[in-house]
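Trainee: Got chain A; can you put chains B, C and D on it based on the hints?
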Amino acid sequence: MPDVSAPALDDDVLVAVRDLSTRFFTEEGQINAVEGVSFEVRDNEVVGIVGESGSGKSVTALSLIDLVDSPGEITGGEVWYRDAELAEEFAGSDAVVGDHVDLRRVPATVRRSLRGSSFSMIFQDPMSSLNPSVTVGEQIAEAVEVQRRAKGNPRRTRSRTQGYGLGRLLVDAVLPSRSYTDEESHARAIKLLEQVGIPDPAERADEYPHQFSGGMLQRAMIAQALAGEPDVLIADEPTTALDVTIQAQILDILRELQESGETSVVMITHDLGVIARMCDRVGVMYAGEIVERGRLADVFDDPIHPYTQGLLGSVPDLEAPAARLQPIEGNVPSLLDREMPEGCYFADRCPKAMADCRQPVPEYDGDASEEHAVQCVLADREYDPAVALDDTDGVIDDTDSVTDDTDGATDDGVVSGE
Amino acid sequence: MSQGRFIAKRVLQGVGVVWGVVSIVFLLRFITPGSAINAVAPLDADRETRQAIARELGLNQPLHVQYGDYLVSLLQGDMGFSYVRGQEVTTLVFSKLPATVELAVAATVVAIGLSIPLGVVSATRRNQPVDWLATLFSLAGISTPNFWLGIMLILVLAVQLGIFQTSGRAVAAVEVAAAVVGPASFVKTLRLWLAHITLPAVALGTYFTALVTRLTRSGMLDELGKPYVRAARAKGLPEAVVRYKHALRNTLIPVITVLGLQLGTLIGGAVITEAVFSWPGLGTLVIRSINLRDWPVLQGSLIVIGTSFVLVNILVDVVYSSLDPRVVND
Amino acid sequence: MVSDRVRRNLASEFRSSVLAKLGVVLVLLVVFVAIFAPFVAPHNPTTQDLDNAERPPLGIVQTEERTTSEMVDGEVQTVTETVTIRPDAAHPLGTDGLGRDMLSRVIYGARTSLIVGVLGTVLAATVGVPIGLIAGYYRGRIDDGLMRFADVSLAFPSLVLAIALIGLWGRASVAVPDPFVAAGFAQEMPATFVLPGTVIVVVGVVNWVWFARIARGEALSLRDQEYVKAARALGADDGRIIAGHVLPNAITPIIVLGTVQVAAIILLESSLSFLGFSGTTLSWGFDISQGRDYVSSGQWWIAGMPGLAIMVAVIGINLIGDWLRDALDPGIQGEGGA
Amino acid sequence: MSDATSGTEPLVRVRNLEKYYYENDTVIDSLLRRDPESVQAVDGVDLDVRRGETLGLVGESGCGKSTTGETVLRLREPTGGTVTFDGRDLSDLSGEELTAFRERAQIVFQDPFSSLDPRMTVGDIVTEGLRIHDLPADPPPDTSKAAARREQAAELLDRVGLSADQIDRYPHEFSGGQRQRVGIARALALDPEFVVLDEPVSALDVSVQAQILNLLDDLQAEYGLTYLFIAHDLSVVRHVCDRVAVMYLGEIVERGTTADIFESPTHPYTEALLESVPRAEVAEQGRRVDPLAGDVPSPRDPPSGCRFRTRCPEVIPPAGVETDQTDYRAILTLRDRLARGELGLDRFRSEEGDDAAFKRAVREEFGLTGLAGADADTLEDALEILANGRVEATVERLTDRFGSVCETDVPAAHDRGDGQTAACHLYRDDLDESEPAEPSVESALGGVDPDELASGEGS
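Residue numbers (the working numbering), protein chains in the order written: chain A, 3 to 420; chain B, 3 to 332; chain C, 133 to 470; chain D, 153 to 611.
So here's chain A without its partners, still in its complex pose (with noise of 0.2 Å):
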C-alpha cells in the first residue's frame, strides 16, 4: 500500500487520489472493488486508467465523482482537488492543503454542487445513458440549465429548482414541455451539438436518442458533459461499444478538448491501442489495485510487472503478427474479501511468483523514470526460482468462484465488441 504522507502537491496537479477504497456490501459478503489506488490527474493531460472486467476500474471512476450507490461505499482514502475559492471557503479545516481540497471531509451537498461544472462524465453506452423519451437537446439544456442556475450560489441546492415547483415537475413527466430550460440554455445546447461536429445541430437537438447513431450520440453525450465547461472530463470505455473508424473520430475530439487547454481528460478503458494513442500517464489495475504506473513509455516499453507484461503479451501486434500469442494462464479472481489471498492478488497466476509474494507488497520506484511506480517485488529484486511458489502450476484451475457475474462489482463483466 503507497505510504500516505501529508500529500506533496505542486501546483500544476488538479487532481491528486491517495489510497482511495470502495467496497460493496452484498450478501455474498463484502467486495473489495478498488483497494488504495492512488493517481494524479495534471492540467490539459491526458491520464489513463488500463484493466480488464473486474479490475475496479469503473468503479474507481465512479468513486471520483461520487456516484456509487448502495450496496456500494466509498470506505478510504482522499481525493485532493485544486480549486481557489472552494479552498478558501473551507480555510483553516484539515481539508485544505494550500489550494487544494480533500473532497472526502467535505459535506455531501459540496461534493454534489461539484458535478458538472468541476467534474463530469461520460460512458460506455450512450443510447443507455440519455432518457429516451426526452429529446437530446433538451437534455443537454438541462445540464448548461443547472449550471446557469448554479451560478448565483453554487452551494445551495435549492437555487438549482427556482421556480420548478413540484407541480410543473409532473407535467412535465407527463407533457413533453421545456419548463425547466430557458431558450437561452437551448441556444447554448444548439451551440455545444454544432462543436462536437453534428451536422445540422439545431434539427438534430429536436430529435430522440434512438435516431441517432452511436457514433452521433456519443458527441451529444460529450457535448452535455461539456456543459459546465469542467475541469476534469471523466470518460468510462467511451468508444468500446463504436466501430474503429467512427472510434477516430470519438478520440480525435477528446484529444482537441484536451489540447484547447481548459479540461484535462481521465481515459478508462480495457484497449491498449486507445491508452497509446490518448494517455501521457497510464495506470494499470488489477483486482482492485493500481499494480503499475508511469509515463507511457515507462509501461509500454520496459514494463516490471509480470501481469503487465501479459497483458502486452496478449495483444495481437497488427504491424508484426507473432506465430503464437502469450496469454495469462487462470481466471481473474473473486474480490470479495474472504477469498482475497494474502500479499499479491496476482500471484496464483504470476509465472515469477515467489514466497515473499504473499506477504503485503510496498510500492517500489520502477527504474524507467521517477514517475514508473511498480507493486511487485521483481522490482526490487531478481526472480529467484529456488523461492518460487509451489502450486503456481499453469494448469487452468476451475474451483475458484467465477468472477464475470460478481453482482455489486460495478465493473460490467463483458465488454461488448459489435
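Simulated from the structure, these hints should not be mistaken for lab results. Any given hint could turn out to be false.
[To be verified] Here are the computed lysine-lysine pairs in the DSSO-like style, where the Cα-Cα straight-line distance is at most 30 Å: (1) D/K511 with A/K193; (2) B/K228 with A/K193; (3) A/K153 with B/K228; (4) A/K193 with A/K153.
[Said to hold, decoys possible] Below, a sample of chain A positions facing chain D; criterion: calculated Cβ distance under 7 Å: (5) E54; (6) S72; (7) I76; (8) G78; (9) T242; (10) V246; (11) G275; (12) R297; (13) L298; (14) D303; (15) P318; (16) P323; (17) P329; (18) I330; (19) G332; (20) M342.
Here the structure is a predicted model, which is why all the values come from computation and not from measurement. Every residue gets a Cβ at the ideal spot worked out from N, C-alpha and C, and that includes glycine.
Mentor: For chains B, C and D alone, kept in the frame of chain A given last:
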C-alpha cells in the same frame, strides 16, 4: 411513422377487433343448448307455432345469410328486440351505458389520482414507514373481492354511520353539471350525487388503486436503477428533476399499457359492483338478461362493452404514443 | 431441471423478506385446510340447526329486539323483548341464517376455491401457452392472426364473458366422492364434494389470453438467443427447439403468472358464486351473498367471515407471486387479471 | 495458421449471395398502402473458403458479416445466390439431407452469456448434437449410447481446456472465457469439417482472448478444420487468418491474402480501417490520424453506385473538375443532402433575406469559399437556383457538372494481382486521364468539419 399514421394503424386494428367481437357474439348463440325459440315460444307451443316463430326470427335460413342480415342490421344500429320487454335493444342498452361509464370513470379517476403519487413516494422513500404502509395497503387492495368490500362499506358507512346511500342512483353526473347554474341547488345535487356514487366508486376503485400503486412503485424502482439516471445525476441535475421529469415519465409508459389491458377487469368489476349497490347500469342489465335468458339484450350488451373497450384502448394508445417517442418516430 | 441457481435465488430472497415467509405460511395453511377439510371442520357444513341460527362468533354478544305475537283468548298480543344471543363455543365463527356452522363452511369453501383456482389456471395455461409460443416463435402472419384473436378475447371482460357462458351453458357440476370419507374417516362429513364443472372450464377459457401474451413475449425474445441458433445449427427441428429450449427458459415468467392467475381466479370464482352462477353452494362467494341480507340488521359475520377467508388466501398467494417475481426477476409486471 | 492447399476445389463456394429483410409488411400495413421497405443486409457476396484455411470476414457493425455467416449455414434463408458445400448446392438440400449437412458444418457465437442454454448442464449442451443425430451409431459393446455420449463430452471438455468433472455444472458457474470453450466443444462434438466463428473472442478480455485464439489454432491443426472467421478487430484477424475479405454495407469491397491486405491495401475503405486502428505501442502516442468522415449510411436506402462514396476520401471527380478532394466532396455532400431533403434551407435565410447573404451562408456552412474557374461559376449558378427555392434544379445542375463515376456505376472487383481484388473505380483502366487525386490532409478538427460531413441517417 408519424403519430397520425400510428393512430390510423391502431384504429384499423380496432375495427378488426370489433368485427371479431361481433362475430364471436353471433357464434355464441349457436353453441347454446335450447336455442332462442323456446325462450320466446310459450311452453306448450306445438311444432307449427315453433316453426312459425323460427321463420319469423329467420332462424331457418343458412348460417351465412343469418350472419349477413345480422351484420347489416347491426350497422343500421338495430340489435333486435328484447324477448322479455319487447323494447328496442339498442335504446335499452344505450340508456344504461352512461351509468356504468360514470361509475367506471369515477373509480379510475380515484385510482390514478391516489395511486401514482403513492407509488412514487413509496419508491423514493424505500423501506420507510410510508413504503411499508403503501405496500400493505396495495397488497390488501388487490386481494379483496370488490363485492365483499362493497358490503362491508355498506355495513360500516351506511348502516352504522348512515352517511351514504346504499343503493340506487339518485342523480346523474350530467344533472349535477347542469345544476351548476343555481349555487344552492348545485350543492344539494352535488351532495346527493356524491352520497350515491362514493361507495360503489370506492369499492370498484380499490383494486385499481392498489394495482397501479404496485406498478408505479416497481416501475419507479426499476427506472431509478437505470444508467441514464446515474448519467443525469453526473451532470449535476437536482434529485427532484431526475426523479419526476426523467424517471417518472418512463415509469408511466408501462403503467399506461397495463391500464389498457386491465380495462376488462374494470368493466367486470363494475358489473358486480352494480349488483351489490343495485346501480342501474349495464352490469345489472347483463345479469338480468342472463337470468331471464333474454338473449338479444345480452348480445347487445356484449357488443357495446366490447366496442367501448376497443375505443378506450385506442385512447390509451394515443396517450402512450405521446409519452413514448420511440413508438411514433422510428 | 430446476438449476441450483434458481434454488439459491429463491432461498436468499426468502431469507431476506418477511412478506415471503408470511405468504408461505398463509398458503400452506389454506392448502392444508382444503385437503384435510373433513378432519379440520368441527361440523358438517351442510347440516342445518334452525334454533341455533344467526349465533354470533366468539367474543361478540348480540342484543336484539324480538317481537313475538300470539293469540291470547281471541286477541293478538305482540310482545317485544330484548333477547341477548351469546356465542357458542361449538361454533367459534358463529352460525348462518339456517344454523349451519360458519367455520366448517369457510373450511370447505377453501377446498372449492383452491380447486377452481388451480384447475382453472392449469386449463388456461394449457390453452394459452402453446398458442403464445407458436405465435412468438413463428412471428409474421401467424403471430398477427393469433394476437388479433387474443385482442378480441381481451375485449370481453372475463367476469362478463364468464357469466354469459355460464348463463348459456348452464351450471353443470360434478359430484366427486371425498376420498377420506370414502376411506372410512370422518363419516359425519359430506360423502361427496360438488365440483362446479362449468365454472372451471369457463374460468380457464376466459383467462387463456394472459398466458398467451406472456408465452409469446418470451418466445419472441428467446427465439433470437444464440443458443437457439446453435441448436438449429446442430440440426434440431422447430419442435425440439420450442420444447427443449424455448419452453424451459420461458417457464419462470409463466409460473409467476400462474400464481397471479390462481389468486385472480379465486376472486373471479367468488364473484361468480356471489352472483349465483356457481354450480356449488359450498363456496365463499355464495355464503357472502347469503349473509348480505343480515348485514342491515348488524349481523356482519355471516357475510364477513367468508370475505376474510378470501382475503387471507389471496394475500398469501399474491405474496408467493411477489417472492417468485423478486427472486427470479422474470420482468413481467401487472399481467393477469380477474 | 496452416498453409492453405490452393488450387483444389474450395470447400465452400458462395456466389452472389443476397439476404433482404422486409419491414412493415403486415396486413394492416398493406391496407395503409405502405409498400414493404427492404433492408439489403447482404447484397451480392462472393466467397471461396478452401479446405484447412481460415478466411477472415471483416467489417464494421451493420456491414452484414454475421448475416453472411449465418446465411451460408442456412440458419437464415438466402433471398438470392447460391452456396455450394463440397460440390453440393445447399439450396437443394432439405429434410434428411439438410440435417446430414449439419454434421459437417458448425458455428461458434460471440456472446458467452447467450450462446449457452442456462437451463442445461454443460454435459447436455455439448452432447445435444449427438442426441439429435443419434450418435454414436455403434457404441462400444457394454456401454449405452448415453454413457458413450457422456464419455465423449468429458473428452471434448478436456480437449478445450476445461476439466471433465465440470460436466454437470450449469453455464452461470463459468467465466466468459470458459463458456466460449464450452461453445467450441459443442461445435466439435459432431466432428465437423467447416466451422463459422462469428466474433468468437470480441466479448472477451484481452488475456482470455489470447487463450481462445491459441486453442482455435491448435484445434485447426489437430482436426484439419476450415474456419470462416468473422470479426471487427483487425489485429485479431491479422493474427488468425490466411486470407481476408473486407465488407462494407452488405458488399465485399476487397479480398486477398492477409499479407497483401494488411501490408498493401488497395481499397480506400481498407486503408482507412487500417489507419484508424490504434496500435498498442508507444509510437501510437499523438499519431496524427485523419478518420473517415460521417456515419455508415442506413442499409434501407444505400447510396447509389459505390456505397462507400459518401465517406470515401478519394471520390473520382469527372474530367475537367480541378477542385481539390475536400471542396469536391463538400459539393457532393451539399448535393446529396439536398437530394435527400435533409437540408433545412430556412436557417440560411437571414433577416434582410437577399440572395447574396443566402449564398454566402450556404458557402460558409459547406466551406466552399475557395473555389476557382469553371467550378466556381457552376457553383454560383447552382446556388442562384437554390436561392429561389428550386431544389431539384439545383441538384441536377450540380450533378451534371460534378457527378462522379463513383455514384453512377457500381464498381466491379478489379484484380490487383495474385488473387487480391478491390471493388473500386480507381483501378478501372478505361478511365483515361482521371488521375486518382492525392488525398489531402484533413483539417485539425480530426476531419470533422461540419461542412464536409455527410449526415447519414441514424443507422
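Trainee: Each hint should be assessed against the structure and marked as holding or not.
Mentor: Each hint tested on the structure:
For a cut-off of 30 Å, the pair hint linking D/K511 to A/K193 stands: about 22 Å separates their Cα positions. Our distance criterion of 30 Å between C-alpha atoms is met by B/K228 and A/K193, whose separation comes to about 28 Å. A C-alpha spacing of about 29 Å is found between A/K153 and B/K228, which places the hinted pair at or below 30 Å, so the restraint holds. Note on A/K193 and A/K153: the hinted pairing holds, with a Cα-Cα distance of about 20 Å set against a maximum of 30 Å.
Restraint check, A/E54 versus chain D: the minimum CB separation of about 4 Å is within 7 Å; hint holds. Checking A/S72 against chain D by beta carbon gives a least distance of about 24 Å; that is not within 7 Å, so the hint is violated. The beta carbon of A/I76 is not positioned within 7 Å of any beta carbon in chain D (closest approach about 26 Å), and the interface hint is therefore violated. Because the beta carbon of A/G78 sits about 28 Å from the nearest beta carbon in chain D, more than 7 Å, this interface hint is broken.
About 11 Å separates the beta-carbon of A/T242 from the nearest beta-carbon of chain D, more than 7 Å, and the hint is not met. Taken as an interface hint, A/V246 checks out: its beta carbon lies about 5 Å from the nearest beta carbon of chain D, inside 7 Å. Evaluation of the A/G275 hint against chain D yields a held restraint, the C-beta minimum of about 3 Å falling below 7 Å. Hint status for A/R297 relative to chain D: violated, with the closest Cβ pair at about 9 Å, above 7 Å.
Nearest Cβ of chain D to the Cβ of A/L298: about 6 Å, under the 7 Å cut. The hint holds. The restraint placing A/D303 at the interface with chain D holds, with a minimum CB-CB distance near 6 Å, inside the 7 Å limit. Using the Cβ-Cβ criterion of 7 Å, the hint placing A/P318 at the interface with chain D is satisfied: the shortest such distance is roughly 4 Å. Because the beta carbon of A/P323 sits about 5 Å from the nearest beta carbon in chain D, less than 7 Å, this interface hint is met.
A least Cβ separation of about 3 Å between A/P329 and chain D falls short of the 7 Å threshold, and the interface hint therefore holds. Against a cut-off of 7 Å between C-beta atoms, the interface hint on A/I330 holds, since the closest Cβ of chain D lies about 4 Å away. With 7 Å as the threshold, the beta carbon of A/G332 stays out of range of chain D, its nearest partner Cβ sitting at about 9 Å, so the hint is violated. Restraint check, A/M342 versus chain D: the minimum CB separation of about 17 Å is more than 7 Å; hint violated.
Hints 6, 7, 8, 9, 12, 19 and 20, counting from the list given before, are not met by this structure.
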